[in-house]
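Heads up: take any position in the sequence shown, counting from 1, add 5, and you land on this note's numbering.
Please keep in mind that the hints were generated in silico from the structure rather than gathered at the bench.
Since the model is a prediction, treat every value here as computed from it, not as a measurement.
The C-beta atom is built at its ideal place from N, Cα and C for all residues, glycine as well.
Treat the hints with caution; some may be incorrect.
[Claimed, not checked] Lysine-lysine pairs mimicking BS3-like chemistry, simulated, CA-CA at most 27 angstroms apart:
{"#": "1", "residue 1": "Lys140", "residue 2": "Lys61"}
{"#": "2", "residue 1": "Lys133", "residue 2": "Lys67"}
{"#": "3", "residue 1": "Lys94", "residue 2": "Lys140"}
{"#": "4", "residue 1": "Lys54", "residue 2": "Lys140"}
{"#": "5", "residue 1": "Lys52", "residue 2": "Lys74"}
{"#": "6", "residue 1": "Lys52", "residue 2": "Lys152"}
{"#": "7", "residue 1": "Lys152", "residue 2": "Lys78"}
{"#": "8", "residue 1": "Lys140", "residue 2": "Lys59"}
{"#": "9", "residue 1": "Lys74", "residue 2": "Lys61"}
{"#": "10", "residue 1": "Lys61", "residue 2": "Lys152"}
{"#": "11", "residue 1": "Lys61", "residue 2": "Lys104"}
{"#": "12", "residue 1": "Lys104", "residue 2": "Lys116"}
{"#": "13", "residue 1": "Lys53", "residue 2": "Lys74"}
[Said to hold, decoys possible] Label-pair ranges, simulated between beta-carbon atoms:
{"#": "14", "residue 1": "Leu48", "residue 2": "Glu150", "range": "30 to 36 angstroms"}
{"#": "15", "residue 1": "Ser93", "residue 2": "Gly45", "range": "33 to 39 angstroms"}
{"#": "16", "residue 1": "Val158", "residue 2": "Asn71", "range": "36 to 42 angstroms"}
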Amino acid sequence: MQKNILENKNPELINFLTQAFGAYPILIVQGAQILNQIQGLNLKQYKKKVKASKDKIELNIKLVSNELKPSAKRLLDGIALFNNQSFSKELLNSITEDKHSLDDDIYQFSKFALISNIEPNEVNLIFKMHDVIAKKILQINGDKENKEYLKRVLLIF
Numbered sequence: 006m007q008k009n010i011l012e013n014k015n016p017e018l019i020n021f022l023t024q025a026f027g028a029y030p031i032l033i034v035q036g037a038q039i040l041n042q043i044q045g046l047n048l049k050q051y052k053k054k055v056k057a058s059k060d061k062i063e064l065n066i067k068l069v070s071n072e073l074k075p076s077a078k079r080l081l082d083g084i085a086l087f088n089n090q091s092f093s094k095e096l097l098n099s100i101t102e103d104k105h106s107l108d109d110d111i112y113q114f115s116k117f118a119l120i121s122n123i124e125p126n127e128v129n130l131i132f133k134m135h136d137v138i139a140k141k142i143l144q145i146n147g148d149k150e151n152k153e154y155l156k157r158v159l160l161i162f
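Working from the sequences, and respecting the hints, build out all of it.
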């Protein structure tokens with residue numbers, strides 16, 4: 006699996022990702038995507054960050070979050086709060102702050118393995134977010150920020 010997603014098929018990288026995230030294949034994919042997509046981050050730097058981190062999942066989420074626009078980050082927080090197992094593009098459109106960038110935001114989320122398309126319905130795409138990612142986002146944000154987000158969304162409706 007890792008060889009299929011890695012651009013350079015580096016055996017050192019494959020071994021590192023498997024050891025670091027072996028229990029979570031989604032995180033192996035995400036680690037590979039982080040290295041493929043984040044400009045200026047190389048394997049040596051990433052390995053150092055992962056080895057120094059007490060929480061590798063949190064590290065990945067924070068690295069990816071730093072690459073997102075603020076409105077996309079808030080949309081990601083909303084996905085984690087709502088039904089992360091099955092949500093539609095229509096739902097995302099109703100809770101996003103920037104409707105014009107929704108397609109780009111979805112692309113960014115998919116690119117970093119934060120969400121995946123589970124039903125490629127042309128009219129209304131259906132996505133999911135892995136539980137381990139959703140739980141970590143909620144934990145990073147904390148109760149206060151999660152409640153504030155819910156209040157903002159409720160004002161939209």
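Structure-based check of all given hints:
The straight-line distance between the Cα atoms of Lys140 and Lys61 is roughly 14 angstroms, inside the 27 angstroms bound, and the hint therefore holds. About 19 angstroms separates the Cα atoms of Lys133 and Lys67, which keeps this hinted pair within 27 angstroms; it holds. A threshold of 27 angstroms between alpha carbons decides the hint, and for Lys94 with Lys140 the separation of about 21 angstroms falls inside it, so the pair holds. A distance of roughly 21 angstroms separates the Cα atoms of Lys54 and Lys140; the hinted pair therefore holds under the 27 angstroms criterion.
Pair hint Lys52 plus Lys74 holds up; C-alpha atoms about 25 angstroms apart against a cutoff of 27 angstroms. A hinted pair counts as satisfied when its Cα atoms are at most 27 angstroms apart, and Lys52 with Lys152 does not qualify at roughly 34 angstroms. This hinted pair checks out: Lys152 and Lys78 have alpha carbons roughly 16 angstroms apart, not beyond 27 angstroms. For the hint linking Lys140 to Lys59, the alpha-carbon distance of about 16 angstroms falls within 27 angstroms, and the restraint holds.
Restraint check: the Cα-Cα separation between Lys74 and Lys61 comes to about 22 angstroms, which is no more than 27 angstroms; the hinted pair holds. Taking the CA atoms of Lys61 and Lys152, the gap is about 25 angstroms. The hint holds against a cut of 27 angstroms. About 32 angstroms separates the Cα atoms of Lys61 and Lys104, which puts this hinted pair outside 27 angstroms; it is violated. Between Lys104 and Lys116 the alpha-carbon distance is near 19 angstroms, which keeps this suggested pair within the 27 angstroms criterion.
Pair hint Lys53 plus Lys74 holds up; C-alpha atoms about 26 angstroms apart against a cutoff of 27 angstroms. Between Leu48 and Glu150 the beta carbon distance is about 32 angstroms. The supplied range of 30 to 36 angstroms therefore holds. For Ser93 paired with Gly45, a C-beta distance near 35 angstroms keeps the hint of 33 to 39 angstroms intact. At about 23 angstroms, the CB distance of Val158 to Asn71 disagrees with the hint of 36 to 42 angstroms.
In this structure, the hints that do not hold are numbers 6, 11, 16, in rising order.
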